[in-house]
Structures are given as structure tokens and as C-alpha cells.
Amino acid sequence: MNAIVMDDSGDRFLQRVHRAADRVLGNSQTGREIGELCRDHAEAREMILTDRASNSVVVAVVGATGQGKSWLVRQMIRGGPVDAIRSGNSLDEATEKLTWIGPKPPADLDARHERFLACDAGKMRSIGSPYLLVDAPGATDDRRAIAGVAERALSTASVLVMVIRRDQLRSQRVSGLAAASEGTVVIPVVNMADVNDDSLDADVEALVARLRSTAPQSQIAPAVIVSDFEIDERGEDEIGIRLAETLGRRIEEAICESGGGDQRRSTRLSALDARFSAAVASVLQTQLPELTNAVDRLNAEATRLPSEVAGTLLGGTTPLRAAIRSRLRLSLMADTAAIWFPYRTLLSLLNLTHGAWDRVLLSLSGSLPSLIGAVYAGARNVSDQRAADMDLRTGLRQRTAASVADRLGPMARRFRAELNKLRHGTIETEIESSPDAPVASLAGIETLQESSQKSFDTAISQGSATTWFANVAGLAGTLLFWLLMTGPLVALYRGYFDASYSTMRDVLQAEGVAGDLGKFPRPDVSMMLTSLLLSVLPVAIFSMLVLSWVQAKGRVDRIENRLREEHEQLIQRLQRDGVLRLAWSDPLLADAEFLLSVGRAVDGE
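Using my numbering, you'd call the opening residue of the sequence shown number 1 and step up by one each time.
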């Protein structure tokens, strides 16, 4: 047996469903039904993954009993073992085994349900590549064993030739076959048709549309019309030859369009897994409606909760806008070169004492109480910033734990109660859980915080004032200060230079004569301090104007709106990728929630 190595995600999903059913449902009737579905699904996956035809295309002819499948097969192997292919409507004439026809037998032939008829490749109608033809029993046969053999043909084939009598085009059996053939190449063959029937084209188009709607993942080829040779003057032989030519060409075109064998297998496995999920969901919803409703409520709340809790990371409008303004001020300081003294020093002071700028101005004018108030405001701002940083790191996790306990705790207890009712009498021990035990935890908090911080930094970087503006403002503020300080400094240094010149001249003119140090200026400290304060005050006011412009309301509004939009998109992406999610703390509760959620994604698509 040659097994095709492919992605085993479907197999892992199947094993998890089987394991969850064993743990949660035990030996109950529902548990046994789920187990049977898992075994059937595993067998169907194995049939698809197993290359029984040695890399040859498998073309299966399927349909209800009495549609003309075996007659069509005989037309495809003219000159081959046509006499060995039985056909008819009665039970003694109908095909009862899966009949393989081709140059080589398939691997692992099951003599109980299958047989092989050797036929030289030259006697088979060409489809452009080596192939095995399969004549399947009637898929709607009342005998369960025969219908099961027909289902094996659906799992084995890469191309399905679906034979339908003209008078059966509107039958619901056709829809059932289409659903079972999901993911394959399907070629409808309308048999025993009257080409002069005015309603034929409309009925055929309706058939193809119904097949495509029922099996959206299948490749539905245009239908092949076979005239009823009992009323067509061309006769059976000519009609059969024309059918074989048309069907061979149609199969070759369909194979080319469907891609390689691995692609076809992948599509069929995906469709098979979707049908399995839908079947499991149907059993659970039918037999466990109360438990299913409980998990639906739990799932709905668990889906909303991560988004709502994560949305609190940015906080309310007031703290977020305060954080934006703080970062805008820090960005301006970082972009301002250190050479712009004392303008940059004043920016640092004003940033540290934001909210108390009035006291800063009064302290610059010599008010001691205002100076003490400004120092206190600066210390309080530093403390508040440290507390905000700590809340950002730990507050979200604490809010998450509280929200999970408050909103999911009662639902989880009701869910356990429903589960205990189901398990009563089938499993010795019931589910016990401490009321204080955490129901779940929110995974992905660290990733959310890191990504949110990056988004915040990017928004501030793009919304803040430019480096060019920061340094132009620094130049202006520095020039303003030194222009105001020029008068006292020029007068002081001029007197100093004059005294130095006079002293040096006296020393040089008379040897041993000391210079008169009394000529050097001795500025009054209060005068210098007054000059400094008078020069700093306008620069401080200029700095306040710059800071006010940098953190203007319009700028803060734009950054806030952008942050909230990006944060919402970030949460949706993390939830979609499975990073931000609820991680159940109780393993049995997690298994039950997973099992009862199977098929929900398929239904929601």
C-alpha cells in the first residue's frame, strides 16, 4: 500500500474529537454515535490518502440503481471484458460489488466487496493519462451492505461520472450523491434523453446549478447528454461510441483543470473534514439540546470577553489623552538639541510640573510658596507616572481575571451541571470543581500589550512635531534669553575688561607696582539674579506656548482616533490568529466546550 504523505491536521482534529467524546460523553448513546462517526471518518480519510491505483486516475461511475451505469462502463471499454459487467434494474441483475477495470488491479483488493476485471489500456477509451474505471453499485440500494460499497467508490475516485436518467433529473437522490462527492471532479451524464424535448436544456441547467450549490467545493463539469437509442434513429452502437468520445474528452479536460493529484486529495480531505464536523454537530444538537445551548451561551460570552477586556488597555478618554499629551511633550524634548540652553532646561521643568505652570511662573518671579508648590507638583507627577506604568503592566491582567470570574463563572457552573446530568449513570465520578477555582485565563495579554505599545509609539512618532520645528523653536528660545541677558553681561564684562587693561598697564609701566584690584567690578547678587529671572521669564512663557501648540486639542484628537482604530484592528487580528483567546483551566470543561463547538465554524461560513 502506497500512502500519500500530506498535512495531518485533519487527523489530529479527528483524534481530538474522539478523545474529547470519550472523556466527556463516556459510554452514553451519544458517545457511541460520535465514536462510530470518528471510525467511519478515519476509514474514509485512509481511502483518500491511500493510492490504490499506483498513481493512476480513478474514474468511478456512480448513480442510483437502474440509471445505466454499467451500460456506460461498457461503452468506455469496447473490446474489453464487457460480458462480465452486469446491468439491470432487478436485484439479480444489479451490480453488487465494486468492479475495478483496467490494466492492473488496485492495491489491497477486498474480495468480499470488490472484484477486478483485467482490460488492456488500448481497449479503454483514452482520457490522456492512465486510469482505472470503477463500476459502483447503486448508491441508493435498499440493502445497507451494497450502499456501503457504493460509498467506498465515492471516497476512492478522483473523478465521478454521475449517471442520471432523464426522468430522474429532479430527484432528491441526486442531491445526496452530490453532497457525498464534495471535493471531487463530477461529470453529470443525463441518460435516455429525448433531444427534441424543449424542457431538456432548462432541466439540465437546473441540475448543474443544484449540484454546484450542494457541493460548492466540487468541480462540476458541463453535463453530457445521452440520447435514448430506443427513439433515436442512430441506434445504440453509434450513440455509445459518441458518448465514449465525448466523455473521454470531458474527463481529460476536467483533470487538467483540477490540477495535480495532491491538490485534488487536499480538496477532498477538506470537504470530508467539513462533512464530519457537520455530522458531529448534528448529532450533538439533536440529542443534547440543553447541553448545546449551554455551550452556545458560554461560547458567545467567551468570544466577546477577550475583545471587551482588551479594549480597556487604552483606558478611558481622559487618561488616554493625558498619556498622549505626556508623550508629545517628551517627544519634543527628545528632538530638541541639548545646545539650546536654557530653553531645553525650561522645557524639562515645564514637562515635569505640567498642571502647575502658574506656580512655576510665580516661583520665577521670586515667590517661595509657589516654588514649594511647583516642586510638590513635580514629585506628584513622577509618582503618578510610575503608578500608571505599574497599572499598565499588572492592571489589565487583574481586570481580566475579575471579568472572567464574574461573567463566565456562573455559566461554567451551569454547564458543569448539565454535563453531570449527561454523565450520570455512565461514568462513576462526576465533575467536581472548587467554586474559587479559576474558570479560564486570557492568553495573549503580553502580546497585546507589546503590540499596543508599538502602535502607541508609532502614532506618537507620526503625530508629534517634527525635529526641524523642535530645533527652530530651541534656537528662537535660546536667542530670546541671551538677547535679554546681553545688557547686564555686556556691562559687566566691559567693566571687567577695562579693569584688566588698566591693571596690566600699571604693572607694566612701573616694576613692582601691584594692580588696583578695586577697579574690577563687583556686581550685586540681587542684580544678577533679577537679570536672570527677567531673562528666563519670557523664555518660559515662549516654552509654554510651544508646548501648548505641540499638545493642541486637534493633534491629540487625531492621535486618539488613530490609536483606537488601530487598537481595535489589533484585537481582531490577534483573536483571528488565536493569540488572544480564553484558555480554559478545567481540562474536562475544555474538552466539552471543544466537542460541542465542532461544526460551528462550518455552519457560520
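Hints may contain errors.
[Stated by the list, open to error] Simulated pairs of lysine-lysine, DSS-like, Cα-Cα distance not exceeding 30 Å: (1) Lys123 to Lys104; (2) Lys553 to Lys454; (3) Lys123 to Lys97.
[Stated by the list, open to error] What follows is a set of in silico ranges between Cβ atoms, one per label pair, in the way DEER data are often shown: (4) Thr286 to Glu238: 46 to 56 Å; (5) Gly235 to Ala107: 38 to 48 Å; (6) Gln287 to Gly176: 47 to 57 Å; (7) Pro410 to Arg173: 30 to 40 Å; (8) Arg112 to Glu253: 52 to 62 Å; (9) Pro130 to Glu236: 45 to 55 Å; (10) Ser171 to Arg564: 32 to 42 Å.
It should be emphasised that the hints constitute simulated quantities derived from the structure, not laboratory data. Glycine residues also receive a C-beta, built at the ideal position from the N, C-alpha and C atoms.
Taking 30 Å as the top limit, are the C-alpha atoms of Lys123 and Lys104 close enough? 14 Å, holds
Do Pro410 and Arg173 keep their Cβ atoms within the hinted range of 30 to 40 Å? About 48 Å separates the Cβ atoms of Pro410 and Arg173, which means 30 to 40 Å is violated.
Could you see if the CB distance from Ser171 to Arg564 stays within 32 to 42 Å? 56 Å, violated
Straight-line alpha-carbon gap Lys553 to Lys454, limit 30 Å: 23 Å, holds
30 Å limit on alpha-carbon distance, applied to hinted pair Lys123 and Lys97: 22 Å, holds
Has the hinted range 46 to 56 Å been met by the Cβ atoms of Thr286 and Glu238? 52 Å, holds
For Gly235 and Ala107, compare the CB-CB distance with the range 38 to 48 Å and indicate the outcome. Holds - the Cβ-Cβ distance for Gly235 and Ala107, about 40 Å, lies within 38 to 48 Å.
A range of 45 to 55 Å was offered for this pair. Does it hold for the Cβ distance of Pro130 and Glu236? 29 Å, violated
Is the gap between the beta carbons of Gln287 and Gly176 within 47 to 57 Å? Hint violated: Cβ distance 22 Å, outside 47 to 57 Å.
Assuming the hint says 52 to 62 Å, is it satisfied by the Cβ distance from Arg112 to Glu253 or not? Violated - the Cβ-Cβ distance for Arg112 and Glu253, about 36 Å, lies outside 52 to 62 Å.
Taken one by one, the earlier hints fail for this structure at numbers 6, 7, 8, 9, 10, listed in ascending order.
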